[in-house]
Structures are given as C-alpha cells and as structure tokens.
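K.L.:
Here the protein sequences line up with chains A and B, keeping their order. Oh and the first sequence: position 328 is 823 in my numbering, straight run, nothing missing. Oh and the second sequence: position 109 is 335 in my numbering, straight run, nothing missing.
Hints may be right or wrong, so weigh each one.
[As the list claims (entries may be wrong)] Capping the alpha-carbon separation at 20 Å, the derived lysine to any residue pairs in SDA-like fashion look like this:
(1) B/Lys334 / A/Lys775
(2) B/Lys323 / A/His695
(3) A/Lys846 / B/Lys323
(4) A/Lys698 / B/Glu259
(5) A/Lys775 / A/Ser682
[To be verified] Okay, the calculated bits of chain A under chain B, using three or more residues with CB under 8 Å as the criterion:
(6) 707–713
(7) 842–848
Think of the hints as simulated: they come from the structure by calculation, not from any bench. Treat the numbers as computed from the prediction; the structure is a model and nothing was measured. Ideal Cβ placement from N, Cα and C applies to all residues, glycine included.
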Amino acid sequence: MPTTFQNDITGLKLENDMLKARIDEVESMLLSVCSSEVDVNCLLKATDKTTILNDIAAGRARDYTIQMSEIRYRRLFEAAHDGIILIDPSTRKIVEANPFICKLLNFKREYLIGKELFEIGLLKDEVISQEMFEKLKINHEIRYDDLPLESKNGQLKEVEVIANLYDENGISIIQCNIRDITEHKRSEDHIKLLMAEVNHRAKNLLTVVQIIAQRTARYSDPGQFEEILCQRIASLAAGQDLLVKTEWHGTEIYDIIVAQLTSFQHLINVRIILNGPVIKIAPAPAQGIGMALHELATNAIKYGSLSNDDGIVHVTWKIIDNIFSINWIESNGPKVIIPTKKGFGQIVIEKLAKASVNGNVTVDFREDGLFYELQGPIINVLMNGGQSNG
Amino acid sequence: MEVNPMANFNVFKILIVEDEPMLAYSLEENLIESGFEIVDIAYKVDDALNIIKNTVVDAAILDVNLHGSSAYPVALSLTTHSIPFIIVSGYSSDQIKEEFPTAIFIQKPYRPNIIIEQLQNLLTIN
Numbered sequence: 496m497p498t499t500f501q502n503d504i505t506g507l508k509l510e511n512d513m514l515k516a517r518i519d520e521v522e523s524m525l526l527s528v529c530s531s532e533v534d535v536n537c538l539l540k541a542t543d544k545t546t547i548l549n550d551i552a553a554g555r556a557r558d559y560t561i562q563m564s565e566i567r568y569r570r571l572f573e574a575a576h577d578g579i580i581l582i583d584p585s586t587r588k589i590v591e592a593n594p595f596i597c598k599l600l601n602f603k604r605e606y607l608i609g610k611e612l613f614e615i616g617l618l619k620d621e622v623i624s625q626e627m628f629e630k631l632k633i634n635h636e637i638r639y640d641d642l643p644l645e646s647k648n649g650q651l652k653e654v655e656v657i658a659n660l661y662d663e664n665g666i667s668i669i670q671c672n673i674r675d676i677t678e679h680k681r682s683e684d685h686i687k688l689l690m691a692e693v694n695h696r697a698k699n700l701l702t703v704v705q706i707i708a709q710r711t712a713r714y715s716d717p718g719q720f721e722e723i724l725c726q727r728i729a730s731l732a733a734g735q736d737l738l739v740k741t742e743w744h745g746t747e748i749y750d751i752i753v754a755q756l757t758s759f760q761h762l763i764n765v766r767i768i769l770n771g772p773v774i775k776i777a778p779a780p781a782q783g784i785g786m787a788l789h790e791l792a793t794n795a796i797k798y799g800s801l802s803n804d805d806g807i808v809h810v811t812w813k814i815i816d817n818i819f820s821i822n823w824i825e826s827n828g829p830k831v832i833i834p835t836k837k838g839f840g841q842i843v844i845e846k847l848a849k850a851s852v853n854g855n856v857t858v859d860f861r862e863d864g865l866f867y868e869l870q871g872p873i874i875n876v877l878m879n880g881g882q883s884n885g
Numbered sequence: 227m228e229v230n231p232m233a234n235f236n237v238f239k240i241l242i243v244e245d246e247p248m249l250a251y252s253l254e255e256n257l258i259e260s261g262f263e264i265v266d267i268a269y270k271v272d273d274a275l276n277i278i279k280n281t282v283v284d285a286a287i288l289d290v291n292l293h294g295s296s297a298y299p300v301a302l303s304l305t306t307h308s309i310p311f312i313i314v315s316g317y318s319s320d321q322i323k324e325e326f327p328t329a330i331f332i333q334k335p336y337r338p339n340i341i342i343e344q345l346q347n348l349l350t351i352n
C-alpha cells in the first residue's frame, strides 16, 4: 500500500465504521483499476478525492478506467517520436494525426484532417497508393522501408511506413506509423562512401607495396632485401598512421619528419636539427615527402653524415613566394662518394618526391655532405592549396 | 623476358593517366622495358585532356580516380579521339565501367605483365 495513498485517505478523516469499510472497498477497487501507484496518485491529485471515492464506490470505476486509459494512450500518441496517422479506409481520408507527423510535414493538424495521403506529400505515386489500400484489405498490414516524403516547404525526407488495418468496434480504421529515417539513411550512405574510399585507398597502398617489393628486389643486394623491404613498409605505415590520425585533413610537416626518424629519436635536436614553421601538408605530397625522408635517413646512416660520430643533418622547411621547400643538408660526415649506380632510394627521393609535389628536386653530392632540396608550389603541397592554413 | 612488341611494329606511344607517382613510375618503367614509348604522365584530368588534344597517342592507361575526381572526361575524350585505353582502378565498380562496358578493366593491384599483354592485344586489334 503506498504511503501517500494512505495519507490521502487518512486525510479524508472518515471515522465511522461504515465509511471505513467503504474506504477499504474503494481502496482495493482503485488499485484494481489502476495499474500503478503513479496512476493512483495522479488520479487522486487531479480530482477532488471525496468525489473520486464516492464515484468509485458508486460503481463508476469503469469510467475512471476508461479515463485513465484515454489519458495514457493519448499521451503515447502525442508524445510519440513517430508520425501516426489514422485513415478511414472507405474515404481514404485522414481522420487523426499526431503532433509529430504535423511537425514532420510542417502542416497543422486541422489541415491534415480530411486530406488523402498523396495530398500531404506521402505516396504521391498513385499506383503505390492504390496498391497500399488493396494490400491492406488482404493482409491487414503493409510495410515500406523507404519512401520519399516531401514536406510543405519542399524539403525531401525519407520515411519508413508501417500501415495496419484494424477493426474498431465494427468500424475499419487504418493506422500508419511513419518514421523519419532521413538522418539514418544519410549516415548509412556516408558509411558506404567511406567503405568504398577505404577500399580504394587500401588497394592503392597494396599496389604501392607491390611496386616497392618488386623494385627493392630489383635494385638491392639479395642479402639485404628483407631488411630494406621491411623498413620501407614500416615507413609507409608510419605515414599512413599520420594520415588516419589527421583524418586526411592535412599532416604537420614536423610530424611527417619525426615519424620517418623514429629509429633516430635520440639524434633529433642533437645531430638532426629540425627547423621550420607550422605547415599542414596534403595527403599525397605527405606520402611522397615521407618516403623521401625515409630514404635520405637510411642513406645518411649507411654512407652519410649519420654514419660517423660527428656528422650533422639540418632539415629545414619554408614557404617563399608560394613555393614550399624542404632541405636535407648533411655536413661533417665522411668523405662523400658519388654513387655510381642508381638505386630505388634515389628514384624515391628524386622522381617520386618531385612528382608528389609537382615541383623540382635538387640532389647535390657536395664535398661536405649531401645537399637535397625538394620544392613545390603550395597549391599542390599544402592542405586545401594553402587556402585555410599556412 | 617480356615479348618485345617492337619486333614487328613501330614504337607505340602510350599516355599514362595516374595520380599515384609510384604507380605511374612503375608503369612507365615496365612499359619502356617492353619497348613502348611514354608520351607523358598526366596526374590530373586537365593535364590528360591537354595531352590528348595536342599529342599523338596510340593508347592510354587510365586510373579512374584522379585526386578524388572522376577520370570520366578523360575516358570520353579518348573515345572521341578513337584512342584505345585500359582502365585501372582500386574501386570494385564505378561510373566509367558502367559507361564504357567494352573497355578493358584491370583491378589494382595488378601484375605488371597483365598491362603489357592487354596493351599489346589492344594495339594489335586496333
């Protein structure tokens, strides 16, 4: 027994035995017609308590049951986040519409009542409309997963419609539940697009890996094939990580450099000096620049200024007159020997890096170390061609 | 060893339309080794259209997606100029495949020899 309910009854101060007996009767009656404490309290608050008790006692419990039921189901109808329309199957006209469908269609309830479905932007196709009513007669239920709906202001929506044919005390009525799936569809389409894009990128990357493997096999010493290939794939993976992390919205040049120098972390700012402004690089040049830096670093540790104890590399980048440039300048290394045959690494730092920025490359084996410069117009190199950042 | 198409024919001039430098480079190298001549490498739709308009091209290899743009205009221009072409793509299906159902379509990643073989077939027929 709910305490508030007891209090309410106590509050009535009905003292004589006869009344107490009646209250007991009323209590159990009230509890039998109301399914929860909330409903009992609701009812007791809403109306004069004595009247309720008297009315119930007078055998009018059924009216309250109906009233409760009406309140409850009206609340469901009005608060529903699905559009609900009731249609008279004989006239095919709307007899009732809930607030949600009014909002969805941008029509007042009064406008909707008496209209047919095609007049409110739903089931504009006459064939589909007729088919719905025919099928409903036979199956008593029909479902459309995806129907176009045009609201009053011309906005196109996509809806899921479930229609049922019911019998209401001998009168047929159609109930249509209309769910707005526009957002859901949009996100579904977006996922499909992303999946196609991921598939495209994955296959491109696999093709790149395939070519790297072929060329590594062709250009390098068989004994070093495995190590060199693994390093090159790791370098690609590091670049890929950055692209994903920045969601293809541009990668900081500093991060691209550091990602390619993971094996040389202890040398950064000691023997590898980085210097340049904050610049966001677009995905395609980011891959080309990253691969070139990997080859430059690998070359430096094998033959260049990172192969002895005091060599230094200066990595600097800048933008001048809408031209982006990045320099890798080695000094204090061992005596420079100009390579006699072209390896794949050289193809990467020259041809491929150049193509990735649609620019120019300078490779100069100077006496004090390798001088490398990659230049490209910012329109090709920077994210959004440098329009929203610099 | 790849078959050298030069044994019986003149040097065929090939246009590569591909936005991924690594792929373009490898195609170029493979085709040159097989005796073809590379007219040019186009990384963008506009570049490809200019080359087709101004240069003699015997056949083209065309990636369907160039920096996020469809290479459809390039396919159309090649068809107008009666230049046979091979489509390569990482996409499973696309507009070009639908619009040019008779074009040769090769999925990425591909064996380099496939391109060479298909190119030779294409040029022999034409």
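K.L.:
Indicate, hint by hint, whether the structure satisfies it.
P.N.:
Against the structure, the hints:
About 29 Å separates the Cα atoms of B/Lys334 and A/Lys775, which puts this hinted pair outside 20 Å; it is violated. For a cut-off of 20 Å, the pair hint linking B/Lys323 to A/His695 stands: about 15 Å separates their Cα positions. At most 20 Å may separate the alpha-carbon atoms for a hinted pair to count; A/Lys846 and B/Lys323 exceed this at roughly 31 Å. This hinted pair does not check out: A/Lys698 and B/Glu259 have alpha carbons roughly 25 Å apart, beyond 20 Å.
Restraint check for A/Lys775 and A/Ser682: the C-alpha separation of about 29 Å exceeds 20 Å, so the hint is violated. Judged by the Cβ-Cβ criterion of 8 Å, the segment 707–713 of chain A is covered by chain B as claimed, because 3 of its residues qualify and three suffice. With 3 residues bearing a CB less than 8 Å from a CB of chain B, the segment 842–848 of chain A meets the requirement of three and the coverage assertion stands.
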